[in-house]
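Q: Sequence:
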Amino acid sequence: MSGLLDLGYGPVVSVIIPSRFRVDLLILCVRSVIQHASVRIEIIVIDDGSESGLISKAMEPFPEVKCFRNEIPQGFAKAVQRGVDAASGEVVHLLNDDTRVEAGWLERPLACFADSRVGAVSPLVLIDDGKPSSSIDSAGDGYSLAGRAFKRFHRQPRQKSMSGCWVFGASGSSAFYRKSALEAVGGFPIEFGAYFEDVEVSWRLQRAGWRVWFAPESVVWHKVTSSYLNIMVSE
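Numbering (numbering that gives the first Met the number 0), first residue to last: 0 to 234.
Hints may contain errors.
[Claimed, not checked] Estimated spans, in silico, between C-beta atoms of each pair: (1) L53 with C164: 34 to 44 Å; (2) W165 with K56: 40 to 50 Å; (3) E59 with H35: 21 to 31 Å; (4) P131 with A102: 16 to 26 Å; (5) L144 with A183: 21 to 31 Å; (6) R39 with E190: 31 to 41 Å; (7) S179 with S51: 31 to 41 Å.
None of these hints come from the bench; they were simulated from the model.
Backbone N, C-alpha and C fix where the C-beta goes; we use that ideal spot for every residue, glycine too.
Given these sequences and hints, build the entire structure.
A: Put into structure tokens, the structure is as follows:
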């Protein structure tokens with residue numbers, strides 16, 4: 000795979016970040032995206048019913064961010080789909096609000112979409128727990144013979160050398176999707192609310208003939224226990 004997807008005008012990639020509670024982590028996430036973006040992007044934050052519009056207000060100092068507010072919380076899947084509907088990039092990139100990206104995280108995934116078979120790309124997601132040695136949250140998703148999806152290499156030590164490969168799917172915390180492929184399979188499954196919606200998308204893509212590539216050159220850090228989803232489910 001080679002070549003960078005270039006749309007000529009407008010954003011190459013639309014970064015979609017749903018958020019409801021964690022303003023502090025959201026700001027860190029947005030700052031990391033702005034700092035490390037190497038191609039044209041648009042950043043779309045979905046304020047999913049935050050109290051008193053807290054998320055929307057926190058985004059006001061960022062002219063780079065388009066913020067859309069749900070007056071009533073709709074849940075992760077609906078928040079993501081609203082972002083997809085608003086996106087103008089040919090590639091959409093989902094990020095949980097408790098993630099941050101490393102320099103160079105965009106280049107390889109975008110290059111992968113030069114392959115017309117690719118419907119989604121998974122970065123290497125590392126657990127951001129403050130420990131000196133990093134562990135893996137996800138190296139793409141796999142699917143077992145028992146019929147269960149799983150995070151590849153979950154909680155295993157980060158390997159010095161990892162190779163790109165075809166995988167079953169990409170974790171919704173940080174997945175890249177070809178927008179036309181995502182739309183062709185019905186978009187994000189809003190009936191799921193939260194959790195397993197990314198597995199359903201992967202299934203739909205695979206059944207439609209699209210493939211998913213794991214790109215270890217793209218690194219995203221994820222706090223995991225602070226995630227929008229964990230807080231929402233605990234209510």
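Q: Next, verify each hint and record whether it holds.
A: Structure-based check of all given hints:
The hinted range of 34 to 44 Å is satisfied by L53 and C164, whose Cβ atoms lie roughly 41 Å apart. Taking 40 to 50 Å as the suggested C-beta distance range, the pair W165 and K56 conforms, at roughly 43 Å. Between E59 and H35 the C-beta distance comes to about 22 Å, which sits within the given range of 21 to 31 Å. Remark: the range hint 16 to 26 Å for P131 to A102 is upheld by a beta-carbon distance near 20 Å.
With their beta carbons about 28 Å apart, L144 and A183 fall inside the hinted range of 21 to 31 Å. Under the hint 31 to 41 Å, the C-beta atoms of R39 and E190, about 33 Å apart, fit the expected range. Between S179 and S51 the beta carbon distance is about 37 Å. The supplied range of 31 to 41 Å therefore holds.
Of the numbered hints given earlier, the model fails none.
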